[in-house]
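Peer 1: Okay, here's what each chain looks like letter by letter:
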Amino acid sequence: MTGTETQPLAVGFNDKVMDATACFRAVLDAMSRPASLQALPVSLAAPRGLQAGTVAVLLTLADMDTPVWLAPECDTPEARAHLRFHVGCPIIDGPAQAVFAVMSVDRDLSVTGELALGSAEYPDRSATVILESEGLIDGEGPIFSGPGFKEPRRFCVEEQPAALWSHIAANQALFPRGLDWIFTSPTHLAALPRTTRIEV
Amino acid sequence: MSRFDDAAYNFAYLDEQTKRMIRRALLKAVAIPGYQVPFASREMPMPYGWGTGGIQVTAAVIGPDDVLKVIDQGSDDTTNAVSIRKFFAKTTNVKTTEDTEKASLIQIRHRVPETPLKEGQILVYQVPIPEPLRFLEPRETETRKMHALEEYGLMHVKLYEDISRHGDIATTYAYPVMVGERYVMDPSPTPKFDNPKMNQMPALQLFGAGREKRIYAIPPYTEVKSLDFEDYPFTIQKWEEACALCGETESFLDEVILDDHGGRMFVCSDTHFCKTRREQGHTGVQSPDFDRTSQEAIEQ
Numbered sequence: 004m005t006g007t008e009t010q011p012l013a014v015g016f017n018d019k020v021m022d023a024t025a026c027f028r029a030v031l032d033a034m035s036r037p038a039s040l041q042a043l044p045v046s047l048a049a050p051r052g053l054q055a056g057t058v059a060v061l062l063t064l065a066d067m068d069t070p071v072w073l074a075p076e077c078d079t080p081e082a083r084a085h086l087r088f089h090v091g092c093p094i095i096d097g098p099a100q101a102v103f104a105v106m107s108v109d110r111d112l113s114v115t116g117e118l119a120l121g122s123a124e125y126p127d128r129s130a131t132v133i134l135e136s137e138g139l140i141d142g143e144g145p146i147f148s149g150p151g152f153k154e155p156r157r158f159c160v161e162e163q164p165a166a167l168w169s170h171i172a173a174n175q176a177l178f179p180r181g182l183d184w185i186f187t188s189p190t191h192l193a194a195l196p197r198t199t200r201i202e203v
Numbered sequence: 029m030s031r032f033d034d035a036a037y038n039f040a041y042l043d044e045q046t047k048r049m050i051r052r053a054l055l056k057a058v059a060i061p062g063y064q065v066p067f068a069s070r071e072m073p074m075p076y077g078w079g080t081g082g083i084q085v086t087a088a089v090i091g092p093d094d095v096l097k098v099i100d101q102g103s104d105d106t107t108n109a110v111s112i113r114k115f116f117a118k119t120t121n122v123k124t125t126e127d128t129e130k131a132s133l134i135q136i137r138h139r140v141p142e143t144p145l146k147e148g149q150i151l152v153y154q155v156p157i158p159e160p161l162r163f164l165e166p167r168e169t170e171t172r173k174m175h176a177l178e179e180y181g182l183m184h185v186k187l188y189e190d191i192s193r194h195g196d197i198a199t200t201y202a203y204p205v206m207v208g209e210r211y212v213m214d215p216s217p218t219p220k221f222d223n224p225k226m227n228q229m230p231a232l233q234l235f236g237a238g239r240e241k242r243i244y245a246i247p248p249y250t251e252v253k254s255l256d257f258e259d260y261p262f263t264i265q266k267w268e269e270a271c272a273l274c275g276e277t278e279s280f281l282d283e284v285i286l287d288d289h290g291g292r293m294f295v296c297s298d299t300h301f302c303k304t305r306r307e308q309g310h311t312g313v314q315s316p317d318f319d320r321t322s323q324e325a326i327e328q
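Protein chains in written order, with the working numbering: chain C, 4 to 203; chain X, 29 to 328.
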């Protein structure tokens with residue numbers, strides 16, 4: 004065995020245009036109705052280290068203009084090869100310049116403190132964090148409210164990480180600056196924009 | 029295989045990289061309600077002022093299963109509405125409609141439909157000048173800072189000067205609103221009559237300004253408050269007349285000149301709303317089958 008052996012690359016979107024359109028609408032729905040579960044509209048192969056939901060989000064939104072940072076638990080040679088070929092995004096070594104940061108939901112989230120939060124004049128120049136989970140759960144967990152909610156909704160992830168919600172609450176306090184969170188699983192995605200208030 | 033097979037253009041005209049750029053801007057816009065996100069607006073095959081911002085937003089959002097409605101000043105059949113509807117029919121093959129309830133995506137210029145919008149619908153506004161403070165402060169660097177510091181005193185001074193000069197807040201369209209208790213936003217040149225509809229609307233509202241290269245948004249169920257004073261509360265336009273075709277008294281009316289002897293009539297500006305009411309049997313003073321005796325009976 005040599006280090007130069009090539010692995011067969013998993014396929015990306017079957018239909019680049021229509022699949023990206025469908026996935027974008029799922030992300031847009033997730034962002035405008037925070038804490039609501041959206042089924043992935045396409046079935047996708049995911050390389051080791053990444054969830055199918057993450058691959059869908061990056062194929063839809065990332066390109067050569069958006070540096071992506073992969074946390075160590077997601078950073079596999081397969082994930083890098085997959086993103087390089089199908090997305091064409093720069094994969095950067097540190098989180099500071101990242102437009103999208105991908106990490107596992109049950110990791111130590113203090114690393115998000117190094118991500119761009121945007122400025123008071125340009126709060127949109129902030130990173131979007133993609134949090135990978137084994138499963139997203141509707142109707143349980145903390146109570147969320149804010150823009151996009153007719154009534155408060157509950158939402159949580161299978162891993163039940165202790166520090167996650169305090170990180171999200173601290174981020175909300177920075178509004179209008181702050182990070183936006185997209186949760187991904189093999190089958191679903193959900194989002195919490197910086198406007199969403201949380202009651203644990 | 030795509031359901032759209034016109035080799036000349038990509039689905040919805042824009043290339044995929046442009047769509048990704050607009051989509052990223054849209055998501056940040058939804059995450060910061062009322063804040064204007066700069067975006068790399070493209071040249072479109074029509075001049076600025078014809079809704080190039082709204083068209084780019086629609087092109088980035090529209091999918092093959094969408095049903096598209098386009099209105100210009102409430103009307104489905106004016107030049108701007110017809111040409112934009114045809115543009116998307118040609119470049120996406122989506123179904124188009126005039127029926128507000130059947131549409132999933134509605135691009136609008138200067139009016140919000142009278143029929144209440146539902147959850148799941150998306151409204152795309154065409155915006156000429158996105159910055160509500162622009163006529164008060166021409167420098168972008170300054171208006172950015174004013175938004176950053178939530179320094180909106182100048183806008184209140186402007187409304188106050190309206191009152192001191194005219195006895196009332198004279199602004200009737202592009203009436204500034206506060207979104208989510210944070211950003212003052214230009215609702216586009218819709219009449220102030222439509223401002224209350226934007227508050228807590230179940231549909232998602234997206235705004236595109238092509239020449240000025242800005243995108244902003246109001247998520248569903250978000251507070252949108254028209255700026256006013258305690259002693260001069262915000263009010264909407266009211267008419268003495270009812271619609272001459274359908275008799276509606278609560279809709280936004282357009283004045284139509286009939287002759288050169290001062291003859292005129294008032295009709296609903298929302299053509300689909302008016303047509304639906306007429307189909308339901310409602311009549312107005314200009315309807316051929318208008319029953320004057322019953323109308324007089326009501327008035328007495």
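Hint data in this document are derived by calculation from the structure and do not stem from the laboratory. Any given hint might turn out to be false.
Negatives, chain C to chain X, calculated, CB over 12 Å [claimed, not checked]:
#, residue
1, V14
2, D18
3, P93
4, T131
5, P164
6, A165
7, P179
When the alpha-carbon atoms are kept at most 20 Å apart in a straight line, the in silico PhoX-like pairs for lysine-lysine are as follows [claimed, not checked]:
#, chain 1, residue 1, chain 2, residue 2
8, X, K186, C, K153
9, X, K173, X, K186
10, X, K186, X, K225
11, X, K186, X, K253
12, X, K241, X, K253
13, X, K186, X, K220
14, X, K266, C, K153
15, C, K153, X, K123
16, X, K253, X, K225
Some chain X residues well away from chain C (every beta-carbon gap over 12 Å; in silico) [said to hold, decoys possible]:
#, residue
17, D43
18, Q45
19, D94
20, T125
21, I243
22, D259
23, V313
Here a beta-carbon is modelled for each residue, glycine too, at the ideal position from N, C-alpha and C.
Peer 1: It remains to establish, for every hint, whether it holds in the given structure.
Peer 2: Here's how the hints hold up against the structure:
1. A cut-off of 12 Å between C-beta atoms confirms that V14 (chain C) is not in contact with chain X; the least separation is 15 Å.
2. For D18 (chain C), the condition that its CB be more than 12 Å from all CB atoms of chain X is violated, with the nearest at approximately 6 Å.
3. Every CB of chain X is more than 12 Å from the CB of P93 (chain C) (nearest about 15 Å), matching its label as outside the interface.
4. Here T131 (chain C) does not stay apart from chain X, with its beta-carbon only about 7 Å from theirs, under the 12 Å limit.
5. P164 (chain C), annotated as away from the interface, keeps every beta carbon of chain X farther than 12 Å; the closest lies near 22 Å.
6. For A165 (chain C), the requirement that its beta carbon stay farther than 12 Å from each beta carbon of chain X is met, with the minimum near 25 Å.
7. In this structure P179 (chain C) is not separated from chain X by more than 12 Å, as the shortest Cβ-Cβ distance comes to only about 5 Å.
8. Note on K186 (chain X) and K153 (chain C): the hinted pairing is violated, with a Cα-Cα distance of about 34 Å set against a maximum of 20 Å.
9. The suggested pairing of K173 (chain X) with K186 (chain X) holds, with an alpha-carbon distance near 18 Å, which does not exceed 20 Å.
10. Distance restraint check for K186 (chain X) and K225 (chain X): the Cα-Cα separation of roughly 24 Å exceeds the 20 Å cut-off, and the hinted pair is therefore not satisfied.
11. Between K186 (chain X) and K253 (chain X) the CA atoms are separated by roughly 17 Å; this keeps the pair inside 20 Å, and the hint holds.
12. For a cut-off of 20 Å, the pair hint linking K241 (chain X) to K253 (chain X) is broken: about 25 Å separates their Cα positions.
13. For a cut-off of 20 Å, the pair hint linking K186 (chain X) to K220 (chain X) stands: about 16 Å separates their Cα positions.
14. The straight-line distance between the Cα atoms of K266 (chain X) and K153 (chain C) is roughly 30 Å, outside the 20 Å bound, and the hint therefore fails.
15. Pair hint K153 (chain C) plus K123 (chain X) does not hold up; C-alpha atoms about 30 Å apart against a cutoff of 20 Å.
16. Restraint check for K253 (chain X) and K225 (chain X): the C-alpha separation of about 10 Å stays at or below 20 Å, so the hint holds.
17. Distance to chain C contradicts D43 (chain X) as a non-interface residue, since its nearest Cβ pair spans about 10 Å, not more than 12 Å.
18. With 12 Å as the threshold on Cβ separation, the claim that Q45 (chain X) sits away from chain C is violated: the shortest Cβ distance comes to roughly 6 Å.
19. For D94 (chain X), the condition that its CB be more than 12 Å from all CB atoms of chain C is violated, with the nearest at approximately 9 Å.
20. With a least beta-carbon separation of about 19 Å from chain C, T125 (chain X) lies farther than 12 Å from that chain, consistent with its non-interface assignment.
21. Consistency note on I243 (chain X): stated as away from chain C, yet its beta-carbon is not over 12 Å from all of that chain's, at 9 Å minimum.
22. With a minimum CB-CB distance of about 30 Å to chain C, D259 (chain X) clears the 12 Å threshold, and the non-interface call stands.
23. Against the 12 Å criterion, V313 (chain X) stays outside the reach of chain C, whose nearest CB is about 40 Å from its own CB.
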